[in-house]
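Trainee: Residue strings, one per chain:
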Amino acid sequence: MEPILFIVFGAIAVGGAIMVVTRRHPMSSALFLILTLFAVAALFVLRQAHFLAAIQVIVYAGAVVVLFIFVIMLINVPENKLPLERLTGFRFLGIMVAGLFILEAALVARRFATPGTPTADSGSVEAVGRALFTDYLLAFEVTSVLLLAAVIGAIALAKKRI
Amino acid sequence: MMDPSAYLLLSGILFGIGVAGVVVRKNVLIILMSVEIMLNAVNVAFIAVGSHLGDVTGSVFAFMVMTVAAAEAAVGLAILIAIFRLKETIDITELSVLKW
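If you read the sequences in order, they're chains A and B.
The opening position of the first sequence corresponds to residue 1 in our numbering, with each subsequent residue numbered one higher.
The opening position of the second sequence corresponds to residue 1 in our numbering, with each subsequent residue numbered one higher.
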């Protein structure tokens, strides 16, 4: 069952990602980004990472993309003022570099076949929570400082006069 | 459970699409979304290898990546709003005051 679901959701994720980078209007890109993020969340469920799948939907699709959509609507660039994008030589070179990267990743991924010991609860809420509050407690607490800095920084940058 | 190599390949493809978006597009909003796709591709690799090895560390690292991605999106969009207020454009080729 897993291979079929992997192919379905992997194809949705890749197709959505291609649509994100090729759409002209950022609003279409944002909606396709939601599609990609949901497909990736489904892949997380396939790998038994239930906690991360829930966080993916809540934080990414529910908060980050909404933030993007807020900003798109706030600055509201009219259709004819969007940057004109043509495929010049340098841009074609950029696409070639990205293709080369995918090829390299394929070569490396093909060699990854170390024997593993899969356990069912390596990504469950209980296992991740236990790890976060014991082994990675310091990193978890420092994360809160990072988020506080991001909040203050975002307000300081976007506010007209503090 | 499947071998993680297929997931790593998918992760590489998503990351490559993100790289192409950052390199090719001119619209700052779409460049930021491409960065989000790249961070998500890394998370796919973390989760695939983590569950393959039966280790919870993969999930913990993916959690940290998500935190950084959320902070990056918030600060990046705030910078974008500040720049738009000043220059009335989201074309990255016109934002070249720091370029020598």
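Everything labelled a hint here was simulated from the structure, so no lab data went into it.
All C-beta atoms, glycine included, are put in the ideal place defined by N, C-alpha and C.
It cannot be assumed that every hint is accurate.
To be verified - Derived lysine-lysine pairs resembling BS3-like cross-links, with alpha carbons at most 27 Å apart:
| hint | chain 1 | residue 1 | chain 2 | residue 2 |
| --- | --- | --- | --- | --- |
| 1 | A | 159 | B | 99 |
| 2 | B | 87 | A | 160 |
| 3 | B | 87 | B | 99 |
| 4 | A | 160 | B | 99 |
| 5 | A | 81 | B | 87 |
| 6 | B | 87 | A | 159 |
| 7 | A | 159 | A | 81 |
| 8 | A | 159 | B | 26 |
| 9 | B | 26 | B | 87 |
| 10 | B | 99 | B | 26 |
| 11 | A | 81 | B | 99 |
| 12 | A | 81 | B | 26 |
| 13 | A | 160 | B | 26 |
Claimed, not checked - Here are the simulated distance ranges between beta carbons:
| hint | chain 1 | residue 1 | chain 2 | residue 2 | range |
| --- | --- | --- | --- | --- | --- |
| 14 | A | 84 | B | 2 | 22 to 30 Å |
| 15 | A | 79 | B | 79 | 46 to 54 Å |
| 16 | B | 85 | A | 69 | 15 to 23 Å |
| 17 | A | 80 | B | 72 | 43 to 51 Å |
| 18 | B | 100 | A | 145 | 41 to 49 Å |
| 19 | A | 129 | B | 93 | 42 to 50 Å |
| 20 | B | 3 | A | 149 | 38 to 46 Å |
| 21 | B | 91 | A | 3 | 38 to 46 Å |
| 22 | A | 85 | B | 100 | 34 to 42 Å |
| 23 | A | 134 | B | 91 | 31 to 39 Å |
| 24 | A | 148 | B | 3 | 18 to 26 Å |
| 25 | A | 155 | B | 92 | 39 to 47 Å |
Trainee: Would you mind marking each hint as holding or not holding in the structure?
Mentor: Hints versus structure:
Simply put, residue 159 of chain A and residue 99 of chain B have alpha-carbon atoms about 26 Å apart, close enough for the 27 Å limit, and the pair holds. A distance of roughly 14 Å separates the Cα atoms of residue 87 of chain B and residue 160 of chain A; the hinted pair therefore holds under the 27 Å criterion. For a cut-off of 27 Å, the pair hint linking residue 87 of chain B to residue 99 of chain B stands: about 16 Å separates their Cα positions. A threshold of 27 Å between alpha carbons decides the hint, and for residue 160 of chain A with residue 99 of chain B the separation of about 25 Å falls inside it, so the pair holds.
Of the pairs offered as hints, the one joining residue 81 of chain A and residue 87 of chain B holds, with about 13 Å between alpha carbons and a cut-off of 27 Å not exceeded. Among the hinted pairs, residue 87 of chain B with residue 159 of chain A is consistent with the structure: their alpha-carbon atoms are about 16 Å apart, no more than 27 Å. With a C-alpha separation of about 25 Å, the suggested pairing of residue 159 of chain A with residue 81 of chain A holds against the 27 Å cut-off. The straight-line distance between the Cα atoms of residue 159 of chain A and residue 26 of chain B is roughly 25 Å, inside the 27 Å bound, and the hint therefore holds.
Under the criterion of a C-alpha separation no larger than 27 Å, the hint pairing residue 26 of chain B with residue 87 of chain B is consistent with the structure, at around 15 Å. Simply put, residue 99 of chain B and residue 26 of chain B have alpha-carbon atoms about 16 Å apart, close enough for the 27 Å limit, and the pair holds. Under the criterion of a C-alpha separation no larger than 27 Å, the hint pairing residue 81 of chain A with residue 99 of chain B is consistent with the structure, at around 23 Å. Distance hint between residue 81 of chain A and residue 26 of chain B is fulfilled; the C-alpha atoms sit about 12 Å from each other, no more than 27 Å.
Restraint check: the Cα-Cα separation between residue 160 of chain A and residue 26 of chain B comes to about 26 Å, which is no more than 27 Å; the hinted pair holds. Remark: the range hint 22 to 30 Å for residue 84 of chain A to residue 2 of chain B is contradicted by a beta-carbon distance near 44 Å. Range check, residue 79 of chain A to residue 79 of chain B: about 24 Å between beta-carbon atoms, so the 46 to 54 Å window is missed. In this structure the supplied range 15 to 23 Å holds for residue 85 of chain B paired with residue 69 of chain A, their Cβ-Cβ distance being about 19 Å.
A hinted range of 43 to 51 Å for the beta carbons of residue 80 of chain A and residue 72 of chain B is inconsistent with their spacing of about 30 Å. A beta carbon spacing of about 35 Å between residue 100 of chain B and residue 145 of chain A contradicts the range 41 to 49 Å that was offered as a hint. Range check, residue 129 of chain A to residue 93 of chain B: Cβ separation about 46 Å, and the 42 to 50 Å hint holds. The beta-carbon spacing between residue 3 of chain B and residue 149 of chain A, approximately 40 Å, falls within the hinted interval of 38 to 46 Å.
The given range of 38 to 46 Å is respected by residue 91 of chain B and residue 3 of chain A, whose C-beta atoms sit roughly 43 Å from each other. Take residue 85 of chain A and residue 100 of chain B: their Cβ atoms lie about 25 Å apart, and the range 34 to 42 Å is violated. As the Cβ distance of residue 134 of chain A to residue 91 of chain B is approximately 49 Å, the hint placing it in 31 to 39 Å is violated. In this structure the supplied range 18 to 26 Å is violated for residue 148 of chain A paired with residue 3 of chain B, their Cβ-Cβ distance being about 41 Å.
Look at residue 155 of chain A against residue 92 of chain B: about 24 Å separates their beta carbons, and that is not inside 39 to 47 Å.
Violation of the numbered hints given earlier is confined to hints 14, 15, 17, 18, 22, 23, 24, 25; the remaining hints are satisfied by the structure.
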